[in-house]
Amino acid sequence: DAMVIQNPRYQVTQFGKPVTLSCSQTLNHNVMYWYQQKSSQAPKLLFHYYDKDFNNEADTPDNFQSRRPNTSFCFLDIRSPGLGDAAMYLCATSRDPLAGGEQYFGPGTRLTVT
Amino acid sequence: AQSVTQLGSHVSVSEGALVLLRCNYSSSVPPYLFWYVQYPNQGLQLLLKYTTGATLVKGINGFEAEFKKSETSFHLTKPSAHMSDAAEYFCADSKVAGGFKTIFGAGTRLFVKA
Chain Z
4 DAMVIQNPRY QVTQFGKPVT LSCSQTLNHN VMYWYQQKSS QAPKLLFHYY DKDFNNEADT
64 PDNFQSRRPN TSFCFLDIRS PGLGDAAMYL CATSRDPLAG GEQYFGPGTR LTVT
Chain R
12 AQSVTQLGSH VSVSEGALVL LRCNYSSSVP PYLFWYVQYP NQGLQLLLKY TTGATLVKGI
72 NGFEAEFKKS ETSFHLTKPS AHMSDAAEYF CADSKVAGGF KTIFGAGTRL FVKA
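So the protein lines, in turn, are chains Z and R. Position one of the first sequence corresponds to residue 4 (the working numbering), numbered consecutively onward. Position one of the second sequence corresponds to residue 12 (the working numbering), numbered consecutively onward.
None of these hints come from the bench; they were simulated from the model. Given the structure is predicted, the values throughout are model-derived calculations rather than measurements. Treat the hints with caution; some may be incorrect.
[Stated by the list, open to error] Pairs of lysine-lysine, DSS-like flavour, derived with a Cα cap of 25 Å:
| hint | chain 1 | residue 1 | chain 2 | residue 2 |
| --- | --- | --- | --- | --- |
| 1 | Z | Lys-47 | R | Lys-60 |
| 2 | R | Lys-112 | Z | Lys-55 |
| 3 | Z | Lys-47 | R | Lys-112 |
[What the hints assert, rightly or not] A few chain R positions that, by computed beta-carbon distances, are all more than 12 Å from chain Z:
| hint | residue |
| --- | --- |
| 4 | Ser-23 |
| 5 | Val-24 |
| 6 | Glu-26 |
| 7 | Leu-31 |
| 8 | Ala-65 |
| 9 | Thr-66 |
| 10 | Lys-69 |
| 11 | Glu-77 |
| 12 | Lys-80 |
| 13 | Ser-81 |
| 14 | Glu-82 |
| 15 | His-86 |
| 16 | Thr-88 |
| 17 | Ser-95 |
| 18 | Gly-118 |
| 19 | Val-123 |
Yeah, the Cβ is synthetic: ideal placement off N, Cα and C, and Gly gets one too.
In isolation and in its complexed conformation, chain Z is listed as follows:
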């Protein structure tokens, strides 16, 4: 089945220690998104790639970076995690947004910062 895969599902890192979360998709979608979701809140968009075109949200901290080496993979790098970065990180994909905008989500990576 075509899907969005996130690894790892659970990640524990130390305060200030860089961490990378990965996402892969078999849907061949143009757009890949990274969201941060804290407990009992809606997902908050960090950034997205439309093909190779990177689009950062204005309020995304510089501590968060992303890479998309090819259509299938996208990475979220947190350069110096703080306690406030503990959250669920969701990757999602969509076809060309002009086609309707529905997104396909991965299962998420729950990040703990100690």
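Could you slot chain R onto chain Z? The hints should help.
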């Protein structure tokens, strides 16, 4: 500014009772509306969507929603709740003036009592 409002952060129903989750949108352009469901420690899953055409849309797991332009609403209903429906539900609009960006509501947690 464009927004999606979900009335009621928590809704509790008895098993077998009607489920009604409320969503109102505010937009200067015709919206593309979605309902997503999120189970604990999982990503979001699309329940149903409205873009154009028939205003009553049916989704998975027996859910449906009706787009009412005059009321700027897109409420989600299910005639008979099941214990497995207990989850977080997000209403979203993916069409903004000048492009596409998904605006999520704050979410409604549905509790189902035996």
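Here is what the structure says about each hint:
1. Annotation: proposed proximity of Lys-47/Z to Lys-60/R holds, straight-line Cα distance about 20 Å (limit 25 Å).
2. About 18 Å separates the Cα atoms of Lys-112/R and Lys-55/Z, which keeps this hinted pair within 25 Å; it holds.
3. For the proposed pair Lys-47/Z and Lys-112/R, the alpha carbon gap of about 12 Å is at most 25 Å, so the pair holds.
4. The beta carbon of Ser-23/R is kept farther than 12 Å from every beta carbon of chain Z, the shortest such distance being approximately 16 Å.
5. Every Cβ of chain Z is farther than 12 Å from the Cβ of Val-24/R; the closest lies at roughly 19 Å, confirming the non-interface assignment.
6. With a least beta-carbon separation of about 23 Å from chain Z, Glu-26/R lies farther than 12 Å from that chain, consistent with its non-interface assignment.
7. Against the 12 Å criterion, Leu-31/R stays outside the reach of chain Z, whose nearest CB is about 20 Å from its own CB.
8. Even its closest Cβ contact with chain Z, about 15 Å, leaves Ala-65/R beyond 12 Å, as expected for a residue assigned away from the interface.
9. Distance check on Thr-66/R: its Cβ is at least 16 Å (rounded) from any Cβ of chain Z, clearing the 12 Å threshold; non-interface status holds.
10. Chain Z leaves Lys-69/R outside its interface by the beta-carbon criterion, the shortest separation being 15 Å against a cut-off of 12 Å.
11. Once the 12 Å rule is applied to beta carbons, Glu-77/R is consistent with being away from chain Z; the minimum gap is 18 Å.
12. Non-interface call for Lys-80/R relative to chain Z: holds, since the shortest CB-CB distance, roughly 18 Å, exceeds 12 Å.
13. Every CB of chain Z is more than 12 Å from the CB of Ser-81/R (nearest about 23 Å), matching its label as outside the interface.
14. Annotated as non-interface, Glu-82/R keeps its C-beta farther than 12 Å from every C-beta of chain Z; the closest such distance is 22 Å.
15. Distance check on His-86/R: its Cβ is at least 18 Å (rounded) from any Cβ of chain Z, clearing the 12 Å threshold; non-interface status holds.
16. The claim that Thr-88/R lies off the interface holds: its Cβ sits roughly 20 Å from the closest Cβ of chain Z, which is beyond the 12 Å cut-off.
17. At roughly 18 Å, the least C-beta separation between Ser-95/R and chain Z is larger than 12 Å, which holds for a residue marked as non-interface.
18. Once the 12 Å rule is applied to beta carbons, Gly-118/R is inconsistent with being away from chain Z; the minimum gap is 5 Å.
19. Every Cβ of chain Z is farther than 12 Å from the Cβ of Val-123/R; the closest lies at roughly 18 Å, confirming the non-interface assignment.
Consistency note: the structure conflicts with earlier hint 18 alone.
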